[in-house]
Amino acid sequence: MAHGPAKGLSRWFYTTNHKDIGSMYLWFSFAMFFLGGIFALVIRAELFQPGLQIVEPGFFNQMTTMHGLVMVFGAVMPAFVGLANWMIPMMVGAPDMALPRMNNWSFWILPFAFAMLASTLFMEGGAPNFGWTFYAPLSTTYAPASVTFFIFAVHIMGASSIMGSINIIATILNMRAPGMTLMKMPLFVWTWLITAYLLIAVMPVLAGVVTMMLMDIHFGTSFFDAAGGGDPVLFQHVFWFFGHPEVYIMILPAFGVVSAIIPTFARKPLFGYSSMVYATASIAFLSFIVWAHHMFTVGMPLLGEVAFMYATMLIAVPTGVKVFNWVTTMWRGSMTFETPMLFSIAFVVLFTIGGFSGLMLAMAPADFQYHDTYFVVAHFHYVLVPGAIFSITAAVYYWLPKWTGHMYDETMGKVQFWTAFIGLNITFFPMHFSGLAGMPRRIPDYNPLWADWNMISSVGAFMFGAAQLLLLYNVVKTIRGGKKATAEVWEGSHGLEWTVASPAPYHTFTTPPEVK
Amino acid sequence: MLSISKRSLALLFAFSIVVLPSLAAAGEWQLNMTEGVTEVSREVYSLHMTIFWWCVGIGAVVFGVMFYSMFAHRKSRGAEAAQFHHSTKLEIVWTVIPFAILIAMAFPATSTLIKIYDTADADVDILITGYQWKWKYEYLGEDVSFFANLSDSSREEIYTKDAKSENYLLEVDQVLLIPTKKKVRFLVTANDVIHSWWVPDLAVKRDAIPGYINEAWTYVEEPGLFRGQCAELCGKDHGFMPIVVKAVEQGEYDAWMAEKRAAAAAVAEAAKQTLTFDQLYAEGESVYETYCAACHQAGGEGIPGMFPAIKDSTIATGDIKLHLDRVINGGQGMPPFGEQLTPVQSAAVITFQRNAFGNNMGESVQPIDVVNFKQGQ
Amino acid sequence: MEHQHETYYVPEQSKLPIFASIALFLTVFGLGNYLNELSADKDGSGFTIFLVGFALLAFVLFKWFSIVVDENMRGLNSAQLKRSFVWGMGWFIFSEVMFFSAFFGALWYLRNMSLPHLGTGPTSELLWGGFQADWPLMVTPDMAANGEGAGVFGPEKNMSNPGVGNWTGWLPFWNTLVLITSSFTVHFAHTALKNNKKGGLFGFNAWLGLTVVLGIIFLILQVEEYLHAYQHMGLTLETGVYGTTFFMLTGFHGLHVTMGTFMLLVQWLRSVTKGHFSHHDCFGFEASSWYWHFVDVVWVALFIFVYIMG
Ligand code: HEA
Ligand code: HEA
Ligand code: CUA
Ligand SMILES: [Cu+2]
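Protein chains in written order, with my numbering: chain A, 30 to 545; chain B, 318 to 694; chain C, 2 to 311.
Simulated from the structure, these hints should not be mistaken for lab results.
Please read these numbers as outputs of a predicted model, since none were measured by experiment.
All residues carry an ideal CB built from backbone N, CA and C; glycine is no exception.
Each hint should be verified, as a subset may be incorrect.
As the list claims (entries may be wrong) - Calculated from the model, a selection of chain A residues having no Cβ within reach of chain B, i.e. all distances over 10 Å:
1) Leu-38
2) Gly-155
3) Gly-328
4) Asp-401
5) Leu-525
Unchecked claim - In silico BS3-like links for lysine-lysine, alpha-carbon gap of 25 Å or less:
6) Lys-577(B) with Lys-589(B)
7) Lys-500(B) with Lys-432(B)
8) Lys-83(C) with Lys-198(C)
9) Lys-628(B) with Lys-638(B)
10) Lys-512(A) with Lys-392(B)
11) Lys-16(C) with Lys-36(A)
12) Lys-392(B) with Lys-443(A)
13) Lys-563(B) with Lys-500(B)
14) Lys-638(B) with Lys-691(B)
15) Lys-43(C) with Lys-628(B)
16) Lys-406(B) with Lys-213(A)
17) Lys-563(B) with Lys-499(B)
18) Lys-16(C) with Lys-64(C)
19) Lys-498(B) with Lys-563(B)
20) Lys-499(B) with Lys-513(A)
21) Lys-453(B) with Lys-628(B)
22) Lys-453(B) with Lys-498(B)
23) Lys-16(C) with Lys-195(C)
Using the sequences plus the hints, can you model the full thing?
Here is the structure:
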């Protein structure tokens, strides 16, 4: 297994190497992040002031929908799969992923799926315009023809996710180096193991619900049509049975990343390792029984309303355990604040704020006022942007020296952090206010009452976007050169990935290391 | 760098702990949730504030500890890392305390919820139906019903460069009148896609599900005017279907009811007259702009793939029966207008469509044709 | 192609994944175009693209599996990789279980939540002309509102349980028998293989062959059932939620039986023509048999929830 990467393009098309595939996932997700970000900027530009200036309402809806879909399925999920590909084999002491050829298939499905999804923008009738939650019957009877391609895109990216998850589970359960017991695995590995279970459990349900749509649209079934005895609310139940675990799919690996970075820069072992594992598992379990908190206003029976409210509130407990453990890890450490640490600290603070607003949303009676307003938009951007996106950024800075063999430019890293951090809060904090003041989401035009907040948000969005250009610049610069990185890279780093050279050899552990 | 990071984080801390609540407390409906005008809405508001302050408190503790440690336990200050890494006692403490707080929150939340769900024994029943993109209100047992659209004044402002008026996009052509000091029950449904009927001051938000009726209720004590909007993405003009509810004393309410009934009789009378082509065309043009242009566009070109063109349309240039049928009964994605438009308006808009945009069919449709068509069904 | 190591086998570069991706893309892209063409009554190349993609996909997957089999026959696969295959198949089946759960869940929700809502209170009175909630749903809300009777005549004319006394004339009962029997025969095949008995009357090949035949019989019976429903009962996908859930659940199951039968058939061919499988190396067969058991369990659930309680 001494061979290195193949030459030319075939390296990328035909590869079975987890690092190559990981890199492709990461670059793909970065591209999708920019695409989704451009859609977001169109939204923010239109909302800069009341009145319609830039786009028509129909196109605005397409932007909202495509923004949500591309960010969730194109940016965040593939980024975490990319990190999993790069790091899990290195962290558990394996030579590669368990099923390397299938690994490449999982990746290559994605560019095709998203090319197909993006191409709907140019079709007659336009792209999907029914929100990333695609509620029927707006997404069935009243949808543009491109919905058929949207459905098939979801099908094949679901297949990709399922194969990816199977691969990750097999790698973790089966490829660990001798001595690497489950309770010795880094938390990133643990969180991904649990995430993979979530994915396998819910992606088929998503496939199921889009299949029902396909049948309603093209084959005259009546799943979501009351005239035939069906029910539009059925759609929402099935969708959110997928959708809620999905949001944890986007945050659990982030927990893993942060649990790796904070101990490194606090130079102190992670506090409460086993409680972290149990908390992750509890969150995953609870995520299956809270879905209807997205549907408090659909007219569920009182009993359902109450049960889903309680279950949702419960999630704050294990999540709190995690937050407290991170803080205690920092307590009496010996802290330094390199870029990955800054992003991680911002993660803890801002994610918690997002969690708090989540808890407010969980109060069913109050949700009658919050639901479908910008308060919800503020909530989920606080958990997704400084949550998922910041943790991914932190991970990139943290492991970039290991991937490339070069140190990134610390000053530039900090500049990027502060632009992102400030831009983000300017963008999303005001949304709490406009939301509470009654601004509905998914509208292209609004009453002047909310004009000030929107203007501020829009300015922040462009600032946050600029920060992402800096990230691109930093990454490219580091790949092309820079100070040589040591194997250990960080003073306080622990774990198998830091025992191999930087950059890590093409095949990391051809003979398994011994873990004590 | 370190000092900058500390200062800025502290700033954010200040922002969330001091600025947010003070803004929230100082503000009226601009910054914070409205307290509203009903018992339920006030309960919801207090629930909102309670949970909010809990979060602020917990945040203060958690972030306080964290920022202290970031300040005191820095390597640059010579902090040596301790090596402790677990404590079952602590884990139990910080599992139990949040749990207890949540239980404390669950009580008021549940009791308000039970109230929201108590729709029994209403004095007035109103059937609310969401359409793309307007609301229909039907006073059950009263023989009064009407549609409420975005007002023309708001519509005209959309594309202008001027500053928008105060109630921009929150103004309708017909308000929903309810009596004060009466329990009013809303039966909410939709005709096409899902909408959501939301009036913040009443703390009523109910999804309008096509084919199903959901119930909600309110009890307003004092007269007043309350504005809201559709709160569920329902297609292109989701942002343009406002709601205005006006609560008035019983006497005024009764008078208004009588007026509405008289107006309905007048409409029936008007349907008997015969109009000239020019009258029909002019009236039809304005009806078209108000009701049809949202989809079929001002120039009748439609939106390819979504809404068919009227210009050169086979139906608008074909059999009048089919044209009547499409306008009165709707079709796939086309709302039925039979109830919303008066016979005069229907006749006018059909006449208009058959002659505008170069369709030049040269014929006109009279109100009586519409009445006959409806009866013939 | 091969690279050997004591414990790990990492395959070198492979052209399979990218071609599989292209094939998958062409398949769904073609199908999407085709369906839209059908709905818009237009001609187009959708179906051709679909066929090309599907053929390519079949070809690539065939290649892929042959390479895996070949690597295994050459002893390249480590015990560890074999365990990975086991995990892989196991979790794949779990994902299939979840796919069916979505449809079973839909059936449950429609019957126990939606129908009562439609059939009571203001929803029934104001919107659906006094619609009554019955299951099997023969008169849909739409029909009730238009004052129509049942297009499908029930209850003796739908798929539900005619009472135990009449089971002998009830096709689903026979289908259940066939499928349960086949679960036993595939198990006997496994036992025979464990005992190193491949040929002969009670050998592996015979039991496996019998299982395939039972699978085919099941499918024939199901086609018969569908024809009956469409032609004699007027029960179709389009006759409201009863038809919808009935055909979607049994249809997806039938599709899985088809796949399972095909998988078993391939294993049978491998055994008969190439002499593959021995008692310690029979993953291809085992995986197919797990799949078969899974399909069987789904059927039992269908029999209970769709037929008996239908
Ligand atoms: C990464 C993604 C992510 C995460 C992690 C979360 C986390 C949570 N979410 Fe969020 N949510 C979304 C993504 C996410 N959400 C998205 C995308 C939507 C909108 C979808 C759409 O409609 O488009 C949404 C919408 C949404 C709604 C529906 C709102 C509506 O439409 O009306 C609700 C309602 O209950 C909710 C609740 C919660 C809760 C209770 C948590 C909890 O997990 C949070 C737990 C964390 C904390 C509470 C903070 C830390 C805890 C402590 C410090 C302990 C002590 C605390 C207390 C006891 C108060 N979310
Ligand atoms: C992980 C998921 C994720 C992420 C990262 C983001 C990121 C952003 N989102 Fe969000 N968003 C969602 C998930 C996400 N979003 C979802 C699920 C919805 C709901 C959709 C629905 O309602 O159906 C939503 C909805 C949503 C809305 C509400 C739309 C509506 O209701 O109509 C808004 C409005 O401001 C918004 C804004 C933003 C902005 C400004 C960013 C920024 O963080 C983006 C920053 C990135 C860039 C800007 C790109 C990078 C830079 C360049 C391309 C260079 C060029 C730029 C400059 C020079 C400035 N998003
Ligand atoms: Cu009606 Cu949104
Ligand atoms: Cu959720």
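(message) When the structure is checked against the list of hints, which entries are broken? Sort them ascending.
(response) 2, 3, 4, 20, 21 and 23
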